[in-house]
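Protein chains in written order, with this note's numbering: chain A, 7 to 388; chain B, 9 to 369.
Treat the hints with care, as some may be off.
To be verified - Here are the simulated lysine-lysine pairs, BS3-like style, with alpha carbons at most 27 Å apart:
id : chain 1 : residue 1 : chain 2 : residue 2
1  : A       : Lys47     : A       : Lys77
2  : B       : Lys84     : A       : Lys297
3  : A       : Lys77     : A       : Lys50
4  : B       : Lys248    : A       : Lys227
5  : A       : Lys195    : A       : Lys227
6  : A       : Lys234    : B       : Lys292
7  : A       : Lys50     : A       : Lys39
8  : A       : Lys227    : A       : Lys192
9  : B       : Lys37     : B       : Lys178
10 : A       : Lys296    : B       : Lys84
11 : A       : Lys268    : A       : Lys195
12 : B       : Lys88     : A       : Lys296
13 : A       : Lys268    : A       : Lys175
14 : A       : Lys35     : A       : Lys192
15 : A       : Lys297    : A       : Lys268
16 : A       : Lys234    : B       : Lys248
17 : B       : Lys178    : B       : Lys248
18 : B       : Lys292    : B       : Lys365
19 : A       : Lys175    : A       : Lys24
20 : B       : Lys31     : B       : Lys84
21 : A       : Lys39     : A       : Lys24
22 : A       : Lys297    : B       : Lys88
23 : A       : Lys24     : A       : Lys35
24 : A       : Lys50     : A       : Lys24
25 : A       : Lys227    : B       : Lys178
26 : A       : Lys234    : B       : Lys178
27 : A       : Lys364    : B       : Lys292
28 : A       : Lys47     : A       : Lys234
29 : B       : Lys365    : B       : Lys88
30 : A       : Lys77     : A       : Lys24
As the list claims (entries may be wrong) - Short derived list, chain B residues pointing at chain A, Cβ under 8 Å:
id : residue
31 : Ser221
32 : Phe246
33 : Tyr277
34 : Ala281
35 : Tyr307
36 : Asp308
Calculated from the structure, these hints are not laboratory results. Note that CB positions come from ideal geometry on N, CA and C, so glycine has one too.
Residues per chain are reported as follows:
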Amino acid sequence: MDIKFGLISSDSHGQLDKDAYTARMSAQKWGDKIPHVVEVKEEKFSYPVERWMVNGEIQGGNVCNCPTAMKDRGYYPQRWEEVPREVYDPAQRLLALDRDRVDAEVLFPNGPGGTFFYDDAVFELDCVRAYNDAMAEFRRVSERFIPLAAVPYMSPIETIVEEIERAVKAGHLGINMLADPSTAVKGLKNLGDAFWHPLWNRCQEMGVGVHLHASAGLAGKLSLPQWKGYTRRQSHCVSTLRNFCTATQIVPYLIFSGMLEKFPRLNWVFAETGLGWVSSVLEACEHEWKKNRLWTEGITVRPSELFRRQIYVDFWFETVGIEMRDYIGIDRILWESDFPHITSTFPHSWDAVEHSLKGVSPADREKVLFRNAARLYRLDLD
Amino acid sequence: MELRYGVISADDHVCEHPEVWTKRMSKPKWGDRVPHVETQADGSQRWMIDGETVGHPGAGVVDMAPVAYNAGERLKAMDKDGIDYSVLYPTMSGMSGEWFGRLNDIELETACVQAYNDWLIEEWVHVSPRFVPQCIVPLWPMDRTVAEIRRAVKSGHRGVIYPSSPMELKNVPHINEPDYDPLWSVCQELGVPLCFHSGASPRIQMRPDENFSPATARAFSGIVRSVSSIAVLANFLFSKVLYRFPGLKVVFAESSLGWAAYEMEYADYQSAADGLGQEGYSLKPSELFQRQCYFTCWYDRESLRVRRYVGSGNILWSTNFPLETSTWPATHQHLDSALAGVPEEERRQIRWENAAKLYSL
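Just chain B, with the same shape it has in the complex (with noise of 0.2 Å):
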């Protein structure tokens, strides 16, 4: 691993070209249910898979700079922002890499999956070992998922992206059944961690209003899809999964710090009002949490001064590029101010360590 900057970034997001689907989908087989972009009659494009239009935010970006898709043109951004590595998310496949869960042909799913994490291989990572690739999967059934773990993995992927709430996209068992196991266990035997990005579920967010401007909207928007998490958190703690599956990393990613610290202290009391320590639960929450979980944030400044609710060794930093949100190109100006005071072993923990130890870089 090679440091010039001293910062990793944990939350970026690429955005998928056409090409990716287009490219490596056989068109004999798939025809026009290939995830592509549409030209309509009023001259706008549009997102189509399946022979259906793909109605999520992330999806609205058709138009893309050259950056957003192009790894040889991330690489200069990342110059000029002063990232060294940068861990992807996807952008149409869901940020919270989603959306192919809903097509009812898991043959289908399984080939636009595939194709998007083979695309991050064959165009990213062999353009740079810079970036960090995570894989999405095939939502169900779990010998798919897990399969396609094992190829992603074995062909360089460093981390796996689940949706948080997969029983809204399909008739699937609850998250916390124990039908998803092989999921934790295949993560937690070959060492990536397994990555909860906000935004996955759509009712835990509040809709902006339709009088909101667009700005107000996409402001309003990326606050809510934060703190979501809050629920998907609350949630997880208290699953048993981390108890299962003691090895196992879990990052909740585009979380932010402050709520979280929040939400650590929070669920030590109530656990204990509640009396969950007769109920098997033998470790603290926050403790559990420390042991096994990350959060990542970016443009969080007060907040760190609650670090050690959360732990300074489970936090990561990011720059969210290139959503509407990031620091991009100011983010060491974000990171110095964030940072002023902090104590230097914890600033390289937050910075650059805790990343490059969970991504085995």
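Pulled out of the complex, with its shape left as it was, chain A reads as follows (with noise of 0.2 Å):
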């Protein structure tokens, strides 16, 4: 692909259209199950306001989370006709890129989209397929989108690896997984079970990276209980502040637990995580590995080596990261943007950039930049 800009954001949420979903599934088999936006009331608001239902459960708050690509920054549209065409469709969405200087998005979910858990293996398979299809077409109106495909989490182990194949074959350049599984639904296996291995070996064999976002779904679970006293605001300034809590404690578990040596071509990728904290959990697992001597207990290889062979973080609005890039390794570091999220640093994110990377010199910059996420995602560079 050409780069015209010199910046890939690794983290950049893609919306789906209304009818993604209602024109991909089956309305005989699942009738009103499918997700699709309709119109409900809602106390707080004088007129009706529209959102996402999916197995006939409203998805709270809004009916897109895309506050920094809303004219008035900060407003959550509550009904779709305020959405921005440039959020949900590839076409136009392609504008907003332009407009930021961006050149390429890897594409998390953003509203229904990354785990569809209603105690019903078959509804999430067929809404994990409908979503796949939906996210590849934004790949092949650019190649400038890069996709990542749902994992159908309660499907037996084929039928996931089978998914993840058709999905990678579709466009789909990596995978969007759950920190731990086995806390969002009972009877799931927790990533270090031997039940991931086909899909770890496959992910591999493809040379497709694991994506865990931000809490990667444990944002309830590693957290003090929440105080009912914050606002809506404070309320999420914390909990987004501990997110990263998920990455601090799943990059040691990926260490210890043996994972990143059994399949040591398997890339890790953690988004919204930022990456000053990397510093001292390196240095944490270092000084464990010395003092427990687990060179014998089969953690063969150094945890900063495994971490710098097989693990990228990324960020968007910080220095202290970036100070540290030479104990990170700055092969293992992604930019990201976070388009439409109220944290993002669209449209101005060349100011952002040029605030982390000061002082960084010019081979560094594109590394973080642009050329380790070619790296990652094999993207051609002309």
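Now that you have both chains on their own, put them together as the hints suggest.
Below you can see the structure in the form of structure tokens.
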């Protein structure tokens, strides 16, 4: 692909159009359970608002999480007609990328798309297929979109692998995974369980990385009970701030469970977690590895080496992690805009880039801004 | 204050000997409810309190070396490692002093807490002024908590240990509620720091898988314990407690530094993005932290390069003796390599001066 601006966002959120699921799932089979947008009355609003509904359940707060794409920045649209086309229409979205001077973006889900846990593995699988098909359309419109496949967690592992193979063939360049599926649905296996080995194996063979986004499903788990006295903004700030608690524990878990050594060419990508915490986690892992002589327990490669071999982390506002770039490993660092979420650098991403990368050499700048992402997603740079 | 080595360890642990309680609590009054060690049919030993087995990692240590519970032996260990003063946290009582808070009988809870606090004064501080004792307290109700803090500080305690998530131990209000104001208030008034030690909330720490070897599980648990304070700090910074009590000092013990520097920068960025300036937060979270809070480090080396995000005046060094994760007996070696290139004034702050000021040594 053509690099015009020199910037790839490794974490943005792709919204599907409101008919994405109804157009792809059997109405006869699933009827009203199919994800779609409905009009509802909410006390807070004097007019009827719209919400996504999946399996009869209303998904709360707004109809689309895109506050930085709005003219009135910070406003969450309440009706679908308020949602800018550049959030969900891939052709229009390219214009938003141009405006922010971003070459390409990795697409995590927005609205219904991450997980479909409704006690029905067949329904889940159909939703996942629809999601993966619809998101693959983005890549058909332009190779500037890098979609990540959803996982049908509740299916047998053979079905999961088959769906991921299908999605990758359709254009997906990675998979989006929960940090601990066993906490999401009773009976599912945790990340370290051998149940997942065929999936890791196949991802490794196909060269697609496993992505964990922010708290990766552990937001409610790795937190103190949330205080009811917080306003909505305060509550959002506190819960967002602690999301990187997941990455700081999953990285040691990947290292000490032996998973990285067992699948030595499989990449793990941590999105929206920042970088600054990596130094303390790696120092802690190295400290414990030496103290406990873990090379005698099967962890034969140094933790920092494993990290620099198989883990990617990204940043958007920070300077802390950039100052620590040599220790983290300059080849492991990606940039993200998080468009169109509230924390996004859009539409002034280059201001954020310059703020973070003061004093970084041109070669290192290119690595973190697009070359590392190009290598990870095997993009063919002209 | 006398400095021979130029290092104060701001986070060490005493391991409680059964006599802490059996010697101090009335047998006729409490009978078998007193914390004690029982030998099982298979010969193994375990801690019992109020008729129940104590099931947390610190309680696994029954057959201890005297250095764990004996002040005289501990002094020798400190000399070997080159440590002048040692700030003490518990082990069996919970590393963040949380264990007795689970008891339903608050009379029993208070008696257990008082025995621990008295033990530190009688058998540690009376042996040497190089020990900096910190009291544990009854969890609730607050008048009881405050009364014990006053009693303990009067007897020589220099810090107060309180679990960061009391609402997970008992049906008590959330830690952010004004119900806890008497706690913050008395610490501010008496000039003693309030200490949150990592590990108070099991739910914010991932558990090692069952198939991890014991050494690997220990390593993993040591790491997730310290980073779990990310969640504690995220809440505390926005709880407004520090606004209500601007003279209160708070220590996040066994935290480590790198993630903390990141959390400071992230908190400033995210609170601005969320528009919290309009909701009564007049200071940036990092400014608030630097005014009133402290982190403790031990293995950190590379992360010291970003210390300015936390503030050199807000960093305390520690050895974490005698936990698995301790740098003992090579603390000076660790420190020298960690502080290489750090200006003398900041070295002094981190090695001992911040702790000496905080604990009024």
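> Does the alpha-carbon distance linking Lys84 of chain B and Lys297 of chain A stay inside the 27 Å limit?
Replying inline: Holds, at about 22 Å.
> Can the restraint linking Lys234 of chain A and Lys178 of chain B be considered satisfied, given a maximum Cα separation of 27 Å?
Replying inline: Given that 27 Å is the threshold and the Cα spacing comes to 18 Å, the pair holds.
>> Please verify whether Lys364 of chain A and Lys292 of chain B have alpha carbons no more than 27 Å apart.
In response: 23 Å, holds
>> Need the status of pair Lys88 of chain B, Lys296 of chain A: alpha-carbon distance at most 27 Å?
In response: With a Cα-Cα distance of about 21 Å, the restraint between Lys88 of chain B and Lys296 of chain A holds, given a limit of 27 Å.
>> Please verify whether Lys296 of chain A and Lys84 of chain B have alpha carbons no more than 27 Å apart.
In response: The given pair, whose Cα atoms are some 25 Å apart, holds under the 27 Å limit.
>> Tell me if the straight-line CA distance from Lys268 of chain A to Lys195 of chain A falls inside 27 Å.
In response: Satisfied, since the Cα-Cα distance of roughly 18 Å is no more than 27 Å.
>> Does the closest beta carbon of chain A sit nearer than 8 Å to the beta carbon of Ala281 of chain B?
In response: With a closest approach of 5 Å, the Ala281 of chain B hint holds.
>> Does Lys365 of chain B sit within 27 Å of Lys292 of chain B, going by the straight-line distance between their CA atoms?
In response: 24 Å, holds
> Given the hinted pair Lys35 of chain A and Lys192 of chain A, is their alpha-carbon gap at most 27 Å?
Replying inline: 26 Å, holds
>> Please verify whether Lys77 of chain A and Lys50 of chain A have alpha carbons no more than 27 Å apart.
In response: 22 Å, holds
> Going by Cβ atoms only, is Tyr277 of chain B closer than 8 Å to chain A?
Replying inline: Check passed: Cβ of Tyr277 of chain B comes within 5 Å of chain A, closer than 8 Å.
>> With the threshold set at 27 Å, check whether the alpha-carbon distance from Lys50 of chain A to Lys39 of chain A stays at or below it.
In response: With a Cα-Cα distance of about 26 Å, the restraint between Lys50 of chain A and Lys39 of chain A holds, given a limit of 27 Å.
Hint check: no violations occur; every hint is consistent with the structure.
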